[in-house]
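A.B. asks: Chain by chain, the residues run as shown.
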Amino acid sequence: GANYPLYIRSTPTENELKFHYMVHTSLDVVDEKISAMGKALVDQRELYLGLLYPTEDYKVYGYVTNSKVKFVMVVDSSNTALRDNEIRSMFRKLHNSYTDVMCNPFYNPGDRIQSRFVCLGRAFDNMVTSMMIPVC
Amino acid sequence: MDASEEPLPPVIYTMENKPIVTCAGDQNLFTSVYPTLSQQLPREPMEWRRSYGRAPKMIHLESNFVQFKEELLPKEGNKALLTFPFLHIYWTECCDTEVYKATVKDDLTKWQNVLKAHSSVDWLIVIVENDAKKKNKTNILPRTSIVDKIRNDFCNKQSDRCVVLSDPLKDSSRTQESWNAFLTKLRTLLLMSFTKNLGKFEDDMRTLREKRTEPGWSFCEYFMVQEELAFVFEMLQQFEDALVQYDELDALFSQYVVNFGAGDGANWLTFFCQPVKSWNGLILRKPIDMEKRESIQRREATLLDLRSYLFSRQCTLLLFLQRPWEVAQRALELLHNCVQELKLLEVSVPPGALDCWVFLSCLEVLQRIEGCCDRAQIDSNIAHTVGLWSYATEKLKSLGYLCGLVSEKGPNSEDLNRTVDLLAGLGAERPETANTAQSPYKKLKEALSSVEAFEKHYLDLSHATIEMYTSIGRIRSAKFVGKDLAEFYMRKKAPQKAEIYLQGALKNYLAEGWALPITHTRKQLAECQKHLGQIENYLQSSSLLASDCHLTEEERKHFCQEILDFASQPSDSPGHKIVLPMHSFAQLRDLHFDPSNAVVHVGGVLSIEITMYSQMPVPVHVEQIVVNVHFSIEKNSYRKTAEWLTKHKTANGIINFPPETAAFPVSQNSLPALELHEMLERSPSDNSLNTTGIICRNVHMLLRRQESSSSLEMPSGLALEEGPHVLRCSLVTLEPGANKITFRTQAKEPGTYTLRQLCASVGSVWFVLPHIYPIVQYDVYSQEPQLHVEPLADSLLAGIPQKVKFTVTTGHYTIKNGDSLQLSNAEAMLILCPVESRAVVYSNTREQSSDAALRIQSSDKVTSISLPAAPAYHVIEFELEVLSLPSAPALGGESDMLGTPEPHRKHKDKQKTGHCMVTTDHKVSIDCPWSIYSTVIALTFSVPFRTTHALLSSGTRKYVQVCVENLSELDFQLSDSYLVDTGDSTDLQLVPLNTQSQQVNMADLRVSFSAENRRHIHSKQSLFFVWELKWTEEPPPSLHCRFSVGFSPASEEQLSISLKPYTYEFQVENFFTLYNVKAEISPPSGMEYCRTGSLCSLEVLITRLSDLLEVDKDEALTESDEHVTTKLMYEVVDNSSNWAVCGKSCGVISMPVAAQATHRVHMEVMPLFAGYLPLPDVRLFKYLPHHSAHSSQLDADSWIENDSLSVDKHGDEQPDSSSLKSRGSVHSVCSSEHKGLPMPRLQALPAGQVFNSSSGTQVLVIPSQDDHVLEVSVT
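Chains as they are written, first to last, in this note's numbering: chain P, 1 to 136; chain S, 1 to 1275.
No lab work stands behind these hints, which were simulated from the structure alone.
The model shown is predicted, which means the values in this text are computed figures rather than measured ones.
A few of these clues could be false.
Think about it this way: if two alpha-carbon atoms lie no more than 25 Å apart in a straight line, the pair counts; the simulated SDA-like pairs of lysine to any residue are [to be verified]:
hint, chain 1, residue 1, chain 2, residue 2
1, P, LYS18, S, GLY504
2, P, LYS70, P, HIS95
3, P, LYS59, S, ARG330
4, P, LYS70, S, GLY473
5, S, LYS116, S, VAL163
6, S, LYS1113, S, TYR1075
7, S, LYS523, P, LEU6
8, S, LYS805, S, CYS833
9, P, LYS18, S, GLU467
Bound-form chain S, shown alone (with noise of 0.2 Å):
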């Protein structure tokens, strides 16, 4: 192996011990190949193979060759290994036959003979050749015959023993073969007897190792023994064997320790248990302390001097095989060892001894293991000294603290004569170290010397542990010794130094949340502090403590005494606040609004209760608690009303705030919860899943810097916030636990109001909760006074008394004793004034306040109510019934009546698609006491009734039927139905057909009749009343009609009014029946009944009813002769496709104005289908020549022929146009081409003037007896 690679070997004060090998023989031939021999052995390695399985070495083999002496051989029991001689040799050149008989043969026999008395079979003989000198002789035997003889003689069976070595000192291949044989002949031959003897002893120690329970059993002489074995390890450079003996010895002597502490003693170990009376600690400088090694071989040796001794021995070997950091590991170990089995076997140590040999034997190790690394391996390898160097602060320290050197004052004579006594135990200093200037022994003889010379080697060494524990992240452990630091400066009365360890070692502990050291160390930076004269950060920590359930009831009050104590003191400069925070004095529990909706009127209470936990141990006099208020104008006006109040109602107005974990500031605790969410991304264009994943919502929250969390030991940032604004509780004694505390404060501008600082003041001691969260905030609004008039049902129903409810929303007016509201009546709404009529007074939150009675005076114009007084940001309730009138019947006047049909234009598409109610519109004009200005009301009531009328004819009697619909939800009860005739023709009577009695009116000349009695109309129903109407004299051309009936609610059996009847009118026309149309089909003649297919004969009669009429005077009228005639067109028309007309189906006519006067037409039909049909329709139009001048030249039906007819449509009597229009032909009505030509019209008779007598007649068809279809197209 390349030594430059290997680092570099320690500086080893190495035994210079090698097996021992004899020479015997000729000592000058040995002498010349002495230097190749020890140059050549060491060069070529061999495999060692062990017994008991140890695993096989190679092995360089050195030797120690000494002349063989009969003394070197080793007499029976001694167990000395280092001086056994392990090969003997017997070197000799002889190659003459005569010289070998004569001495050479003797002198070996003799060597034999001392070998063999001895029992030593470890021997080789080796004959040198030498060709020069065997030139010289003249009787040469051949070169193997020599051997050959000494073989014969002396290698029994063992031929491998006599070796030739052929001119050893030439420069020949033959050489150099000659002495690789040897070489490898000679290093077999010594392994074989390290492995034979060393088996040999290994099997005596064991032996006397199990000899170990017999009485008179000595560990020292054992280990004397095993340490022999450990020495020939070391010496073959088996350094791991080596320490393997070590430890052995190190394990059997620990379980002696063991066993005697569990009482199984050994008499040897009594030697082990004397008082300790030296403590200089170990020495490792030198390979092997003979003193300590002679002291265990006189078994005078301590506990202490064995394991110094021991230790030594293994730092050593450790050192040899370059694991220096075990040795630190290793020596831990021994420290601690060591005072446990002192503690266990009871040796009685002085004070402070112990102390002083773990501090000396700490640095000992150290600057061993520094003399053998260089700087770059120390400082990597920290982790396995920093104990060492903890251990020896930690045992200054209390040394220190022993001797005197801590306190104030210094040393006192006790001090300083037990520091004399523990200077004596360590004796002198030891040559090896005298001249080192920075030796274990000086640095404690000088540390404890003197205060100062403590306190620098302390600091010292504090601050290199300090430091080395911080370079390799151990920082608990760094703040550990500092705050051991700590307690010496506070000791030492410079508080200013410790401050700045507890404070780290604080944070680290609050940090991670452990609670005792917390409390421990805060109680020393709280003394710290108060040295320190830190009024603000001693009254905080005494607060925290005082607090602090880690803590005495005593101590407790003691910390929150210093509180109370400073804040009664009386301050310097007055009006100076301490602010600390308020989480260590109370903690806010919750919080309780009243009103609990936390929103309240200008002008309005608040009060909040909130519950303050105190943690303090004793009661506290706080003179007052104050919350900081931010007021900020809401833009949101809406959040301010009295709507919002009510549909925004807390649950209960409670707010729960999070306890606070004051002890626990860390992670775990304050940190949110993982807000998980899955998260899937598609992809754009055909939303397929692109990535998916889980994204946490709150990392920023999660991964924020712990160390900024931590820092709430400061009071720093913590401000007073100073606002205008703010709620105050003056002395209140704050329980120790929960306490309830009310802020009142009236209502001021409108706006949001946000606590946002909670101080409680005792003394010039202010306790601050900086931010209170969650955000609480409560409202201040101001509102205008509003009146709301609203029906009470869904809409208001005309005719009737409807109930109206009045909602006054005073706002910020106060309504006072007289205010009223002043209503302008509408003239078709009355206001029904209902002699216990009560307003409700309500405050904002809808709680009941009060009940008065309302007064309600009216007069022609106006309606007074008088408002109940009622304060500011109330509402009053009252209800007032209204009648809309039905309006007074005005002639003439058609829009504005009642119950016609068309009131109000924009409600008409309503009406046709539903049955939609009429409604009118009363607009009402409130005067209110807070405004100069009116308030307009409008009220829409629905007319519940439809009415509709029809004129029925039976020839020329006629007859009027009104139907009225209600279409309200309402049942109704109709009473007292009248139909007068309010037109000027006295001649007509109106019979009733629906009445049983009957009331003649003579007096109005008129005639009506009455219905006494009274008939339901349900909701949705309609009810038919009928009236014959007859007259004397000619029938007047219209008709006047007014239909009123009394009704009211079915449901209610008393109103306080009575109401006014509801009225209809309506106008009928041209009632008179003038003509009657008669139709009659009749079989073919021969025939009993009619057939399908085959024709019929319809005969139409149409006869005058009346001679010449008033209605009769227009343009179709002509009068000739005696004759008055006028045109009249009929049309005979199935719709039903029941009948095909053949040939014309109109015509028309010149009919004679004179009654009786019949015009008959012929016609034939043919019956489309079987059975009773109705008679095909027979219309009958009125012929109007376009123009008088032309008509009587124009010939009708060569004009019907043509087609080009112009028709009047005209009510509804109009005749299906599409049968008229499907015989058309191209021309159109009124198309251009006739344009200017004289066009006859037809005018529809009115609906009363005919009256067909045959409607509703059927004839009976029977099937044709050749039973097909019959298909007829008519032109």
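Bound conformation, chain P alone (with noise of 0.2 Å):
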């Protein structure tokens, strides 16, 4: 599938940069990974990709839906707080407010969520700065 960024957010935010350049490369192992379990059957496939790669300062996990949109977090490697487990589930809970977007009949698949657009990227914007406040 396409490989443009949806939604981009960083915290804190001088390093954007970076942190792009980062999840772009990343794609590469989403992609490595996704082909590697074409083979198996849908409902088995494990939708968490689980490590990507780690970076000497940074853990990249990734985890692709059905519809092969793509999540990609990066985590500071100090953080030792975040085990598979709760990585997994904030892999979870992305999907699910991404879900809800894509309910929303006034979003259109394939555009950037916004958070500027009240109703349909605020929640998901909320629900992602409610996650990463505990990462910071």
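Assembly of the complex is requested from the two constituent chains, each provided in isolation within its own frame, with the hints serving as guidance.
C.D. replies: Written out as structure tokens, the structure reads:
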């Protein structure tokens, strides 16, 4: 599928560019993992892709929906509180919120999710914000 | 398992340790069996059942057999496992009781006591039997006795601790059996010992681990204990178990570090927080790095030492397990983790030291893996190793930057000092790699030695990494490394090398729509292009960056200024244009035509207003904005006509352009929506459904190659179109945001103009929108002047003023003052000239532009209408009233007479079917000022009335009835009806019966009566007028009349002109009554009433009313003596079948032509029905002889009997032919049989000449008494 960003948030914002590069690069691994699991049956497929790759300072995790919408999460390596299970449930939350956005009749699938559209992106944005607070 | 099938075992520097088994007793004996024993022991695997629920394993046992010494037995508290004797064996071949008692027993006891003292229970006594030996001895005990003795003495309840090995050196089946039993026993005991002793060790170890919260607990000490276990597992070739021990240690340590970070510090951990002084990387070439191990043992190890040692051990075990790729993966994690841990523990690390350590470690791991894998394996597992390559590259890069090796001038003294410090931290090269040419140590040292060497190594690594990433399809990663490389090249002032990497990366980001990386990379590329002097590319990048919302206002202004600066430079080669795409500079939002239908006539002015949305952060002065226009001659000339214009008005003339999404040129945004359609395919024979599905109609759009669409970065392919047709707007300042720009053009050649390119020039920089899409066109047309004349209403009515609309479409002709339309007058059509007639001038778009009075001058022949002055491509409209005159009465001329029924033969059919109005055409020839030819206009007028007349008689009195029927939709008022005899008979009076007053116009000698009162005749209504004819003398044989009646539309009170009356001329002939026919039916004699079924008598009385008249003079007239007679035929016909005529129904009579001559005819008729029955018709015909010569000879009755009558059908009074024919025989009228025979003819008498005085009378018939139906047939 397409690999353009629907939504990117990073806190703090000063290193945004670095994260954009990082997330973009991580799509390589996401693609690799998706093609590797391509043969598995849909209902048995694990949406959580696990750790895509570690970097010195960050851990990059991936998640892909059945419709190939990708979620990538970059977590500070020093944050040891976030174990695999926490990451997994965060992705599930993200997925649910994204589903809500998709269910909105005013949302065109494929459009960027922007928080300035009140009923569209705001809820998603708030959810992301709520997830990011414990991280930072 | 077949060894050849297995991959080559890795070369491992393995420990030569095996579990220790001690041997006591007869050493010579043991020496003799040792070769067989050491060879046979590992041959068979043995199942090892494990404690703690661990899975059982098959294990090949080997042992290190050593001579028993008490020192070998571990003292209390000794945790060493590697040197632990797992089994003690006592060897004897004693078979002599005496010898046993004398020496062996004591020796055994001593051995046992030592073991007991060390509470070692893992022992075995082996008695070797040797037949040869037995034979030599005299007092030989039975074999079993000595075994029994030993068992009895030593193996208290453990008889299995004593085994017999028979003839171990012989080659017999008994020997083999004995060996097998022995070996099995030995293995079992060994495993039992392992289980027991390792279990005990593990228990102790766990106990120790549980104490880790106690203050004095030392990780290093514990490390050594658990490693001992790992060693034993390794010794037993249980690498998995060994690895588990290290992993547990790893996890334990990691947890401590994490806890430390969380503030839960352990004392021992402070040892590891010493400043990092050595960073010589991992050493993986030895199975055990004793140096580091000892440092751990001495509790002097740094964190890096511990981690390095731990990893080297894990690496060794993983390689034993043939999992080299896991090594690579774990290595990367380890390196990242170490960096994190040092950070977390706040260990002071000299700058660059970690980079060195990581770099060395990466290479060491890679070389170690390469050392045990072949090329193919490595190539197919790049995905596992590329991370290390990339990490090494990254680290080398940062070392290069740190040590001033990347700067243009090379390292300064500070850089050099730092380099020296870093190299010092590496120490001396380890002996194991000293001879390796490409060792990581040598590489790093070399790379840091000089700018050139660094470049070489860095490029090598980068290229290798990019290549590897590319080969496994990690394009994004490859591009990212490439970008680093580009940055390096830029630092090295080699932009020509950087360009390709930046472009590659940018293309990738563009294709995937990553805005921030796009902006960042484009900024780098712009700098690169600037250095390369690629003016065009640089300007394009600048324009993109100037419009990039992800940049700060300052940056955007900077790039905008770059363009403006360049544009304002005096060009070296004047006329040279730098062509850049428009979209980043400004976007075309909408376009508005005026006139809004985008159609303009030749010479007309068209204005086009466009909205350009400037993307620049500052106002930009644009010299000119040019729209290139493609001209094509429109083949469809209709498009150019005025009619087309009025019909094709666009909604508002505004065309919107979809916003260009420059930042997201890819897939989703630019792709059109799927056009899916249901598809059903039916069988042609029976229309049953064959296939059904959904097809995508725009596959070609959707499945286009993506690469081609994302090449918008390159300005190539942008060409300025040069053409003769341009729209231009000069000196415009484009403010940031929306700007409205208006182009004006005067239309020249007729045709279609398509807007193709939009260009804006700033100095020598031209921003070009190569294609304006959706297609925008305007049309220029040229039109011939035209005149249209059409009635205002559906149809024109004759006789009253009617409005006609004149439309002059000026086309390319300009109407000057004095231009006029010359109408050559039609004779019967008047053009009425109202005083206040005005003409309205419209523009072609139907906007009223002026209004002028119309001057109309009429002479006899010509009406001249002066047109108001009007420019070309305007429309002049005015209305005139015309009046179609009722045609002047042209006597004798039937055709031209208004009111006569047939002025138009062609409409005859129509007239019969419906009440269609009679029409007349008037042709008007008009001379127009623009043409030498006359325009002929035909106007069709309809006569609103239809008039019929009838002659009515009452005996000899005569009446004329005129019926006027209004066929039009209009109501009229009729007045002044006249009926005038136009003939020359002076004796005739016409007395109106429909009037109250009368006038006698004596002067005319004819009498006319006028009705003063006006009468309304509504639409579709008829009015009747009746006059009585009166004469004094003999009436004329024919009467010529003219009916005239004044009329005017009922709605209008005042008409400007007096209207001509409506006239109708007709002629009545033979109107004088010659015969009176009277019929009478009387009941049979004696009856009061006629009855059905009974014969009644019919008496017909024919009376001549006048003497011989002029009209009688015909062939039927016979003159003899004093009598003049004429032959008449009567006929009684009852069309309503009320009566049955009995006997002859007709007959010929000879009628005297004299007043009051009467002929009486009797007949019998029978009424068929009861009631008041009308009398049967009596018809009278003139009976004409065929030829006057034969006339007298003929017996008319016989002719009639023959039924061969020839009947002249004449006028409306024609007898019903069917009644005649019904009686006809086989002979038809004028049949060939009678050819040549003289035939009499019948001529109906004109209606006026016969008066039936009994018409309308009825006879009462009562039903017959016997009530039955009577059937009568009459022949």
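A.B. asks: Now look at each hint and say whether the structure bears it out.
C.D. replies: Hint by hint, here is what the structure shows:
1. P/LYS18 with S/GLY504: It holds: about 18 Å lies between the C-alpha atoms, which stays within 25 Å.
2. P/LYS70 with P/HIS95: OK: P/LYS70 and P/HIS95 at ~9 Å, within 25 Å.
3. P/LYS59 with S/ARG330: 15 Å, holds
4. P/LYS70 with S/GLY473: 18 Å, holds
5. S/LYS116 with S/VAL163: Cα-Cα ~20 Å, so holds.
6. S/LYS1113 with S/TYR1075: Measuring from Cα to Cα gives roughly 15 Å; hence the hint holds.
7. S/LYS523 with P/LEU6: 23 Å, holds
8. S/LYS805 with S/CYS833: It holds: about 14 Å lies between the C-alpha atoms, which stays within 25 Å.
9. P/LYS18 with S/GLU467: Roughly 23 Å separates the two Cα atoms, so the pair holds.
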